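Undergrad: For reference, the chains in residue letters:
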Amino acid sequence: MDIWSDDRDPIDAAIDDVARRMTGGGPQAGFTARVLARIEGARPPWRVSPRWSALAATAALVVIAAMAYHWWPADRKFTISGPAGDSRLNQTAPARIEPAPVAQGGIVHAPPQPATRNSEAHGGSERTRPITPPMALFSEVDALAPSGLELGRLDVDRIAQPDPITIDRLETFSIALEPIGEGDRP
Amino acid sequence: MSTVCVDDADLVEHARQGDAAAFGELIDRHRSAVFRAAFAALGSHADAEDAAQDAFFLAYRRLDSFRGRASFKTWLLTIAWRQAINRRRSLARLWRHLTVSWRDDRAGVVLAEIAAPGPTPETAAADKQLRIAIRRAIRRLSPTLRDALLLAQSGEHTYEEISVMLDAPVGTVKWRVSEARRRLRKQLISNGHVGIAR
Numbered sequence: 581m582d583i584w585s586d587d588r589d590p591i592d593a594a595i596d597d598v599a600r601r602m603t604g605g606g607p608q609a610g611f612t613a614r615v616l617a618r619i620e621g622a623r624p625p626w627r628v629s630p631r632w633s634a635l636a637a638t639a640a641l642v643v644i645a646a647m648a649y650h651w652w653p654a655d656r657k658f659t660i661s662g663p664a665g666d667s668r669l670n671q672t673a674p675a676r677i678e679p680a681p682v683a684q685g686g687i688v689h690a691p692p693q694p695a696t697r698n699s700e701a702h703g704g705s706e707r708t709r710p711i712t713p714p715m716a717l718f719s720e721v722d723a724l725a726p727s728g729l730e731l732g733r734l735d736v737d738r739i740a741q742p743d744p745i746t747i748d749r750l751e752t753f754s755i756a757l758e759p760i761g762e763g764d765r766p
Numbered sequence: 176m177s178t179v180c181v182d183d184a185d186l187v188e189h190a191r192q193g194d195a196a197a198f199g200e201l202i203d204r205h206r207s208a209v210f211r212a213a214f215a216a217l218g219s220h221a222d223a224e225d226a227a228q229d230a231f232f233l234a235y236r237r238l239d240s241f242r243g244r245a246s247f248k249t250w251l252l253t254i255a256w257r258q259a260i261n262r263r264r265s266l267a268r269l270w271r272h273l274t275v276s277w278r279d280d281r282a283g284v285v286l287a288e289i290a291a292p293g294p295t296p297e298t299a300a301a302d303k304q305l306r307i308a309i310r311r312a313i314r315r316l317s318p319t320l321r322d323a324l325l326l327a328q329s330g331e332h333t334y335e336e337i338s339v340m341l342d343a344p345v346g347t348v349k350w351r352v353s354e355a356r357r358r359l360r361k362q363l364i365s366n367g368h369v370g371i372a373r
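Those sequence lines, one after another, are chains A and B.
All residue numbers for the first sequence refer to this note's numbering, where the first residue is 581 and numbers rise by one.
All residue numbers for the second sequence refer to this note's numbering, where the first residue is 176 and numbers rise by one.
Since the hints were derived computationally from the structure, they do not count as laboratory data.
Being a predicted model, the structure only gives us computed values, none of them experimental.
Just so it is clear, CB atoms sit at the ideal spot from N, CA and C, and this is done for glycine as well.
Certain hints may be false.
Stated by the list, open to error - Across the chosen pairs, the derived CB separations fall in these ranges:
id	chain 1	residue 1	chain 2	residue 2	range
1	B	Ala184	A	Gly621	24 to 32 Å
2	A	Asp592	B	Arg204	25 to 33 Å
3	B	Gly330	A	Ala634	38 to 46 Å
4	B	Pro296	A	Ala609	34 to 42 Å
5	B	Arg204	A	Ile644	41 to 49 Å
6	B	Thr333	A	Leu635	40 to 48 Å
7	B	Ser246	A	Arg600	22 to 30 Å
8	B	Glu188	A	Trp651	37 to 45 Å
9	A	Gly621	B	Asp342	26 to 34 Å
10	B	Asp194	A	Gly610	17 to 25 Å
11	A	Ala609	B	Asn366	38 to 46 Å
12	B	Thr333	A	Ser633	34 to 42 Å
13	A	Asp592	B	Glu297	20 to 28 Å
14	B	Ala300	A	Gly610	33 to 41 Å
What the hints assert, rightly or not - On the chain A side, residues computed to face chain B include the following (Cβ under 10 Å):
id	residue
15	Asp589
16	Pro590
17	Ile591
18	Arg601
19	Gly605
20	Ala613
Looking at chain A on its own, in the form it has when it is part of the complex (with noise of 0.2 Å):
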């Protein structure tokens, strides 16, 4: 191309002809074929598309519940309630403890109340959990504690007195504080 027939300046239009040659021309023929030979080379051999990634994860998922459910001890079922469920567990599940009425002024305030109460009202009957007071809850509980320990009689005279301790007078030396200079300050 003769630059010096463009319209333009001469100089613009030699450095935007340069310009362009120095960025000319393209990769080496079969550069498409060396780019996906190497990808194909880099691809591990074990890698799907994620769909297929996201069907095997939830299908591991799966199996490992179904394991889980299986090999589950039956005894360390946990049942809140229920007539058939073990006695100690349903012993302990309502473990609530209602707090005490609040003296304020005078007045005793009852303690709010909580809403499992009034869950007959809202026809919700059979989820109502009996209520047992905490004295009878705390009876049970012990009647199941083991029984105490039998101990032969402890003879406390027979400890040593320990010997007396004593401490001298303590020394204390005098501190002497100056002003800190201004060249101290942080």
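For this one, chain A is given, so just place chain B on it according to the hints.
TA: Just chain B now, with coordinates in the frame of chain A:
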């Protein structure tokens, strides 16, 4: 799959699902633009081809991160430009670039001799000298100005694409191109080349 009338977004979707032919079509469509961007940054044909190859390889691995906010070409050029700049920053590449600069100059002389059909021997000689001087002056520009000028003159990239690649507003890119021209002209005048040209 016939890829004649398929746009880039469809090809990207097919490539994501493992269609190598679709990605091959994307390479064919944009390899020239990617190569020229890398060539503008590196100034070496071999380095530019390596950087372009790295850019396509990286783009394939990151296809899932392409959201389609910009065009695929712009996204690809951004990757290519970063690859090229990283390569340029490498000391080893810089050393090789310095050692082959003389050969590049000779190649520039040969190209100028082939491409300069001056009407008279005097004009042809002046043209050749001017091209060599411009080439050297472009190399001496700051990378910021040189990158903008070469990308703008490559004929493969719009100002919007250059703006994304250089992470600068379009107005700034245009100013850099103009400033690069102004400095080149000033240097050529100070070296007496304008007198030769006229």
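Undergrad: Next step is simple, just say for each hint if it's right about the structure.
TA: Verification of the supplied hints:
1. Judged by the Cβ atoms, the range 24 to 32 Å given for Ala184 of chain B and Gly621 of chain A holds: they are separated by roughly 27 Å.
2. For Asp592 of chain A and Arg204 of chain B, the hinted distance range of 25 to 33 Å is satisfied, since their beta carbons lie about 32 Å from each other.
3. For Gly330 of chain B paired with Ala634 of chain A, a C-beta distance near 44 Å keeps the hint of 38 to 46 Å intact.
4. In this structure, Pro296 of chain B and Ala609 of chain A meet the distance hint of 34 to 42 Å, their C-beta atoms being roughly 37 Å apart.
5. Here the CB-CB span from Arg204 of chain B to Ile644 of chain A is close to 45 Å, well matched to the stated 41 to 49 Å.
6. The hint said 40 to 48 Å for the Cβ distance between Thr333 of chain B and Leu635 of chain A, and at roughly 42 Å that hint holds.
7. The beta-carbon spacing between Ser246 of chain B and Arg600 of chain A, approximately 23 Å, falls within the hinted interval of 22 to 30 Å.
8. Range check, Glu188 of chain B to Trp651 of chain A: Cβ separation about 43 Å, and the 37 to 45 Å hint holds.
9. The hint said 26 to 34 Å for the Cβ distance between Gly621 of chain A and Asp342 of chain B, and at roughly 32 Å that hint holds.
10. Distance hint for Asp194 of chain B and Gly610 of chain A: a CB-CB separation of about 20 Å, consistent with the stated range 17 to 25 Å.
11. Take Ala609 of chain A and Asn366 of chain B: their Cβ atoms lie about 40 Å apart, and the range 38 to 46 Å holds.
12. Checked against the hint of 34 to 42 Å, the pair Thr333 of chain B and Ser633 of chain A passes, with Cβ atoms roughly 38 Å apart.
13. The hinted range of 20 to 28 Å is satisfied by Asp592 of chain A and Glu297 of chain B, whose Cβ atoms lie roughly 22 Å apart.
14. A hinted range of 33 to 41 Å holds for the C-beta pair Ala300 of chain B and Gly610 of chain A, which are about 39 Å apart.
15. Annotation: Asp589 of chain A was flagged as interfacial toward chain B, and the flag holds, the nearest CB pair being 8 Å apart, inside 10 Å.
16. With 10 Å as the threshold, the beta carbon of Pro590 of chain A comes within range of chain B, its nearest partner Cβ sitting at about 5 Å, so the hint holds.
17. Satisfaction of the interface hint for Ile591 of chain A is found here, the shortest Cβ-Cβ separation to chain B being roughly 5 Å, below the 10 Å cut-off.
18. Checking Arg601 of chain A against chain B by beta carbon gives a least distance of about 6 Å; that is within 10 Å, so the hint holds.
19. Checking Gly605 of chain A against chain B by beta carbon gives a least distance of about 7 Å; that is within 10 Å, so the hint holds.
20. Because the smallest distance between the Cβ of Ala613 of chain A and any Cβ of chain B comes to about 8 Å, under 10 Å, the interface hint for this residue holds.
The structure agrees with every numbered hint stated previously.
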